[in-house]
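J.: Construct the complete structure from the given sequences, taking the supplied hints into account.
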Amino acid sequence: MSPNVRLPATKLVAIYARVSTARQEEDGTIETQLRALREFAQQNGCNIIQEYTDDGWSGDILARPSLDQLRSDAAKKIWEAVLIYDPDRLARRYSYQELVMDELRERQIEVLFVTVSAPKNSEEKILHGVRGLFAEYERAKIAERFRLGKLRKVKDGHILLSEAPYGYAYIPNRGDQHGYLEILDQEARIVKMIFEWVANEFLTIRQAARRLQEMEIRPRRSRRGVWSTSTLSTLLRNQVYIGEAHWGRSYAVAPQRPLKNVTYRKIKKTSRRVRPEAEWVTINVPAIIDRQLYDRTRAQLDANYALSKRNKKNEYLLAGKIRCTCGRGRSGEGPQGGKHLYYRCIDRVLTFPLPPTCTEKGINARVADRLVWETIVRLMNSEELLSEQVRRWFGAREAKINSSRADIAAMGREMDGLKTCEDRYNRAYGAGLLTVEQLREYTAPLQERISSLRRQLANSQQEANAYCGEMPSDNEIKEFSEAARSTLQNLNFHARRAILVNTVEKIVGTQQKLDVYGCIPIRNHVELCSSPIYSREHGRS
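Here the sequence shown stands for residues -14 to 526, numbered as in the working numbering.
It should be emphasised that the hints constitute simulated quantities derived from the structure, not laboratory data.
The C-beta atom is built at its ideal place from N, Cα and C for all residues, glycine as well.
Don't take every hint at face value.
What the hints assert, rightly or not - Below 35 angstroms or equal to it, Euclidean Cα-Cα: the simulated DSBU-like pairs (lysine-lysine) are:
no., residue 1, residue 2
1, 254, 491
2, 254, 138
3, 463, 498
4, 253, 463
5, 138, 346
6, 138, 177
To be verified - Here are the computed distance ranges between Cβ atoms for each label pair:
no., residue 1, residue 2, range
7, 496, 255, 38 to 46 angstroms
8, 157, 411, 35 to 43 angstroms
9, 138, 255, 20 to 28 angstroms
10, 100, 80, 17 to 25 angstroms
11, 405, 54, 18 to 26 angstroms
12, 51, 393, 24 to 32 angstroms
13, 53, 254, 18 to 26 angstroms
14, 464, 393, 53 to 61 angstroms
15, 251, 131, 42 to 50 angstroms
16, 406, 464, 52 to 60 angstroms
17, 402, 131, 50 to 58 angstroms
T.: Below, the structure is given as structure tokens:
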């Protein structure tokens, strides 16, 4: 299986293994790779210093936690080579393979494979590249065959589902019989009842969710055991209930504005984009309701949306900035057609149809908007208030800088001591006083602590740099306040909103008080930052 490669007896290596799916993990593929790598290392007289594994990560994604850690550790010189089972375990794309391999070679780290020899000269690199390109082409061809096979099955009437819709059970294929949907009588009665509530009793989705909760009817799957409005909305728009299941209705795409910005994503394409209706493949399934009931339900949903009070456009100056003391945001709400405007905690929306957990009451939006805006104008117009906040902030800044410098010095001394201790262990290993296992046992905690200190040092240095800057002069403060007095008068809502968004970080409020946190730029490279009491401009209304 492996090429005839002999390595120096003292070679220190790291091993890397990867599987792309949870099914592969369950089948023990990762353990099979690790076993082969360990046997190869033992046969060739190598000492394994560290093992890196990425479970459930696609080879088309280069940003993987363990691979990134391996690339980072390569600079520490704790091992001399990386042992990988096959090039496609490193990456599925040839360009990714070359990128990582070149990076490791630049650090004098050798890359070794169990199944093939690593390229050592130009000719071998060309052959390796050709092999990688053919493998990439073969994977694309397999994916296309897989897609066409699914399309052929669907056009033949085969149902391809990960989970059957509520009201149905999926019966998988048995021999020559295609998989199909079978109606579950109990769930089907509930589905029909929900459609009739909306179409005949003109209930909204929230009212339907509340009634289901009162009747103690639980959805098939839910952590809270309640029907969410999004689940009901999807159910009421699903044409499978009139006997038309659609395949290929949407396709996966990478999100343009992801809700969470995370470093590592096992799946890149987490969003869906709807295809033109002409490209959908329709499969006939047993119907639970008739089309007339479905059409009346859809018409009522459209009417509910058009008449919803939450769709009334009101002006909320503090929208997106004001929060509740429970930690959740507050959203604008205008009952009685916008006669009264409030900022209410969104806890009641997130917990619906269960009772809310937050007991804070709504805040009068018009009063809150006026008080916050008046506070901002009063501060910007006053040279005295601005000067006071400047002196307060710079005084607090000096204390923070001194504290950060002391922390940086202490962490630097601790890191030097840990590195000295690590060097002693390495020298002891080189003299034959320690085994590899003992060396790993002694140095692993040290390396972990050193890495933690490096992160803390970087954060402390970044904080210290953030506080750098000269104190604005009295003339600059005077010019700023004069410009503010001439600019802040008689502004429309959009202009006031733009100023608030750029100066206010957040507002934490109750009916009794509003705590305003924000930054006012006196000049281009100096910002007055604030904290609740002393070191930031803090307006309480």
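J.: All hints, please: hold or fail.
T.: Results for each hint:
{"no.": "1", "hint": "254 x 491", "result": "holds (33 angstroms)"}
{"no.": "2", "hint": "254 x 138", "result": "holds (24 angstroms)"}
{"no.": "3", "hint": "463 x 498", "result": "holds (30 angstroms)"}
{"no.": "4", "hint": "253 x 463", "result": "violated (52 angstroms)"}
{"no.": "5", "hint": "138 x 346", "result": "violated (56 angstroms)"}
{"no.": "6", "hint": "138 x 177", "result": "holds (30 angstroms)"}
{"no.": "7", "hint": "496 x 255: 38 to 46 angstroms", "result": "holds (40 angstroms)"}
{"no.": "8", "hint": "157 x 411: 35 to 43 angstroms", "result": "violated (58 angstroms)"}
{"no.": "9", "hint": "138 x 255: 20 to 28 angstroms", "result": "holds (26 angstroms)"}
{"no.": "10", "hint": "100 x 80: 17 to 25 angstroms", "result": "holds (20 angstroms)"}
{"no.": "11", "hint": "405 x 54: 18 to 26 angstroms", "result": "holds (24 angstroms)"}
{"no.": "12", "hint": "51 x 393: 24 to 32 angstroms", "result": "holds (30 angstroms)"}
{"no.": "13", "hint": "53 x 254: 18 to 26 angstroms", "result": "holds (21 angstroms)"}
{"no.": "14", "hint": "464 x 393: 53 to 61 angstroms", "result": "violated (36 angstroms)"}
{"no.": "15", "hint": "251 x 131: 42 to 50 angstroms", "result": "violated (20 angstroms)"}
{"no.": "16", "hint": "406 x 464: 52 to 60 angstroms", "result": "holds (57 angstroms)"}
{"no.": "17", "hint": "402 x 131: 50 to 58 angstroms", "result": "holds (57 angstroms)"}
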